[in-house]
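J.: Construct all of the structure, not just a fragment, from the sequences and the given hints.
As you go down the protein sequences, you meet chains A and B in turn.
The numbers in this note's numbering rise by one with no breaks, and the one at position 316 of the first sequence is 316.
The numbers in this note's numbering rise by one with no breaks, and the one at position 171 of the second sequence is 171.
Keep in mind that the hints were calculated from the coordinates and are not lab data.
These numbers were taken from a predicted model, which means no experiment stands behind them.
A couple of the hints might just be wrong.
Chain copies aren't distinguished; within one or between two, either way the pair holds.
[To be verified] Below 25 Å or equal to it, Euclidean Cα-Cα: the simulated PhoX-like pairs (lysine-lysine) are: (1) K415 <-> K47; (2) K298 <-> K91; (3) K47 <-> K371; (4) K93 <-> K298; (5) K415 <-> K216; (6) K12 <-> K47; (7) K47 <-> K241; (8) K241 <-> K370; (9) K239 <-> K47; (10) K298 <-> K12; (11) K370 <-> K93.
One letter stands for each residue in the lines below.
2 protein chains.
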Amino acid sequence: MPQTSSSRKPVKRNAFYAQSGGVTAVINASACGVIEAAARHPRRIGKLYAGRDGIVGALTEDLIDVSRESRRTIRGLKHTPGGAFGSARFKLKGLDQNRAEYERLIEVFRAHDIGYFFYNGGNDSMDTALKVSQLGGELGYPITCVGVPKTVDNDLPHTDCCPGFGSVAKFIAVCTREAGLDVASMARTSTKVFVLEVMGRHAGWIAAAGGLAGRKPHEPPHLILFPEIPFDPARFLDKVKQCVTDYGYCVIVVSEGAAYADGRFLAEAGTKDAFGHTQLGGVAPVVAGMVREAHGYKHHWAVADYLQRAARHVASRVDVEQAYAVGRAAVELALSGVNAVMPIIVRTSSRPYRWTIGHVPLGEVANQEKKMPREFITSDGFGITERCRRYLAPLIAGEAYPPYRDGLPDYVTLKGAAARRKLATTFSV
Amino acid sequence: MPQTSSSRKPVKRNAFYAQSGGVTAVINASACGVIEAAARHPRRIGKLYAGRDGIVGALTEDLIDVSRESRRTIRGLKHTPGGAFGSARFKLKGLDQNRAEYERLIEVFRAHDIGYFFYNGGNDSMDTALKVSQLGGELGYPITCVGVPKTVDNDLPHTDCCPGFGSVAKFIAVCTREAGLDVASMARTSTKVFVLEVMGRHAGWIAAAGGLAGRKPHEPPHLILFPEIPFDPARFLDKVKQCVTDYGYCVIVVSEGAAYADGRFLAEAGTKDAFGHTQLGGVAPVVAGMVREAHGYKHHWAVADYLQRAARHVASRVDVEQAYAVGRAAVELALSGVNAVMPIIVRTSSRPYRWTIGHVPLGEVANQEKKMPREFITSDGFGITERCRRYLAPLIAGEAYPPYRDGLPDYVTLKGAAARRKLATTFSV
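T.: See the structure below:
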């Protein structure tokens with residue numbers, strides 16, 4: 001970081017932080033990293049404001065004054081899941097389509113002397129951060145924009161992994177191991193096939209994590225259905241039968257994004273509700289139904305849905321540390337004078353696992369998606385390879401339990417006091 | 001326990017232990033209690049055999065020789081979910097309908113000099129244990145039968161709670177709190193209604209446990225659907241709308257046993273699969289579908305299924321201790337000379353929570369079911385009362401984390417070596 005000489009007083013600006021897109025078990029740990037790092041630079045960063053409900057808070061000038069929260073609450077964010085400031089599924093359109101939104105952002109930032117924009121999200125959010133940095137320059141309002149990576153889907157390019165993924169991976173691996181023991185116990189006289197549905201619309205990283213639950217062929221999960229591998233019902237049903245014959249039962253982890261060769265999601269291909277409408281979501285019951293039709297095995301199925309991405313109670317310690325680290329790094333990068341970048345996790349060694357923080361230009365991550373490489377999936381398409389295990393295993397390492405009170409995790413809640421509005425104008429989103 | 005005098009050498013007999021019905025996160029802790037207690041009485045109890053796959057192992061003379069397992073493995077059962085010896089959904093018929101099964105049990109017990117029968121299960125299993133004790137007498141083969149209570153459903157009478165319930169209750173309460181934070185984060189621009197389906201075909205205890213996640217009206221869960229309260233769609237949908245209006249979102253915990261006034265399960269009333277067959281199981285998508293039809297809110301749903309009852313990773317410490325204690329007590333009761341009983345948990349104080357072990361005759365628990373008392377459910381039928389909280393809260397208290405290795409719980413696996421068969425006869429089940 002450049003030292004300020006006595007002759008040039010450092011410019012002090014305020015900062016803005018927002019959470020964007022689907023939340024995770026550790027996105028608040030990144031917030032904690034941003035806030036605590038900003039507090040270490042009182043001569044460079046004045047107030048830190050957070051958008052209430054993400055970028056929507058910036059557009060509507062609904063800014064949470066973070067300085068009103070106690071240090072203890074801010075520390076507690078490190079062990080609190082969900083998005084404590086509120087997040088939003090709100091993608092700003094392209095500059096040509098809706099320049100007004102970007103201009104409004106700059107208007108609000110100007111009113112509050114925001115010099116730093118920290119945007120905590122996935123691919124779409126990095127695109128937004130990039131555009132804000134560009135437009136700021138155009139409109140004569142220079143602003144330093146730094147992305148903070150976050151996504152349970154683990155699909156951001158360049159970074160070795162995405163904060164948020166390690167914890168959902170750990171939850172799914174743990175639950176697969178546990179449910180596998182349950183099914184194994186009773187397979188002789190009861191359930192023979194168990195299907196667990198996990199997130200991952202386009203990339204199979206979370207499903208792959210289920211594969212960490214077992215090491216030997218007889219250990220669950222026996223089959224994984226990835227979005228990257230076109231679903232072939234006949235081959236799948238043969239495998240299930242073989243598995244029940246060989247081991248007495250079959251545990252299947254299926255990605256919500258599992259799809260036929262023609263691109264149709266399995267989840268769309270099946271159930272209708274009481275009104276005859278196609279039931280979206282729920283690939284697990286579809287897969288379980290196929291198995292029952294074909295083989296008649298007794299089955300059970302589970303859909304983890306939000307339980308998986310909110311499961312702070314069994315978060316990966318590595319994930320919590322990385323989430324915090326990218327938050328802190330974002331502030332340090334901004335103060336070092338670089339703009340329009342995102343910190344990334346750089347793996348320097350797998351065994352023992354070592355990592356450091358690097359950064360890439362926002363333009364290189366915006367709107368891109370990293371799928372599972374084919375060499376991470378076994379040749380039959382139903383399992384993970386040793387290479388994949390080597391990649392995944394360190395990401396779920398270590399426990400980072402939250403404190404408990406009365407038998408429940410003692411998660412923090414913000415006061416969320418709003419900063420005084422400075423603009424007479426309003427903006428509806 | 002009666003002291004043996006020097007003139008009467010104590011009779012030394014072998015013992016048999018079996019797991020029955022749906023497994024839990026702590027049924028193996030009960031096994032550990034039985035095994036460790038038996039080992040403390042080498043002059044009274046010789047070998048301890050366990051039925052492979054529960055009572056099926058006794059009928060087929062497939063007995064696991066527990067003495068072949070290391071002390072470390074046995075200790076590890078205390079933190080391992082599922083049924084390590086195998087469990088069975090196999091209810092012995094009435095004596096008049098199938099006397100042959102009971103006679104076969106006595107034949108196997110006689111061949112292996114089994115003097116103690118420890119049966120770890122729920123209502124049905126206590127009925128079986130009772131019949132074995134009766135028939136043993138009739139056939140001139142006296143055998144001491146002691147039940148070991150277990151069920152996630154918490155529906156056994158007389159005992160204050162059932163080992164297995166506290167841990168599933170804790171998992172559901174934790175997940176409801178976590179998923180609630182997730183939904184709250186994003187409700188402004190995304191999911192407004194979240195439905196979590198939990199177990200409990202006839203009794204709403206597990207659904208009630210979800211209620212522990214929040215204390216104030218605005219805190220999730222906002223609505224609970226109990227099997228004990230007939231489902232009224234119009235009232236329910238009104239409540240959901242009110243909740244979204246007041247708080248911005250609505251979190252619903254629904255028991256798989258939720259039913260209409262005429263007894264039809266909600267889960268049966270809805271979806272059909274690709275082949276037009278009624279899809280059983282899955283009340284969560286049915287409820288979510290109703291909400292979407294009526295109000296158009298964006299929704300998500302989860303089905304916890306086996307994840308909940310296998311969730312040893314976040315087990316209740318109280319539950320683990322009680323599961324172990326009833327196992328140990330079963331052995332002590334048997335050695336004290338009582339027969340056809342089941343140890344129970346007796347609550348002596350709620351604040352602070354104190355409990356002790358009592359026992360009741362098997363005849364008083366067999367085939368009975370304890371539902372939620374009406375005064376545990378709020379007058380509107382959608383929540384839990386303070387009395388219910390006072391009852392439930394101690395049962396989820398304390399954490400009892402398993403050891404981890406490579407980021408995953410280090411659960412034990414038995415060698416499971418079979419005892420040498422002594423009978424030439426076989427028996428098919």
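J.: Run every hint past the structure and note whether it holds.
T.: Evaluated hints:
1. K415 <-> K47: within (16 Å within a copy, 62 Å between copies)
2. K298 <-> K91: Between copies, since 17 Å is at most 25 Å while 44 Å is not.
3. K47 <-> K371: For K47 and K371, neither the intra-copy (39 Å) nor the inter-copy (55 Å) Cα distance is at most 25 Å.
4. K93 <-> K298: between (48 Å within a copy, 22 Å between copies)
5. K415 <-> K216: between (49 Å within a copy, 16 Å between copies)
6. K12 <-> K47: For K12 and K47, only the intra-copy Cα distance (10 Å) is at most 25 Å; the inter-copy one is 78 Å.
7. K47 <-> K241: Neither, since 62 Å and 38 Å both go past 25 Å.
8. K241 <-> K370: Classified as neither: same-chain Cα gap 33 Å, cross-chain 39 Å, threshold 25 Å.
9. K239 <-> K47: For K239 and K47, neither the intra-copy (59 Å) nor the inter-copy (41 Å) Cα distance is at most 25 Å.
10. K298 <-> K12: Close neither inside one copy (66 Å) nor across copies (42 Å); limit 25 Å.
11. K370 <-> K93: within (22 Å within a copy, 57 Å between copies)
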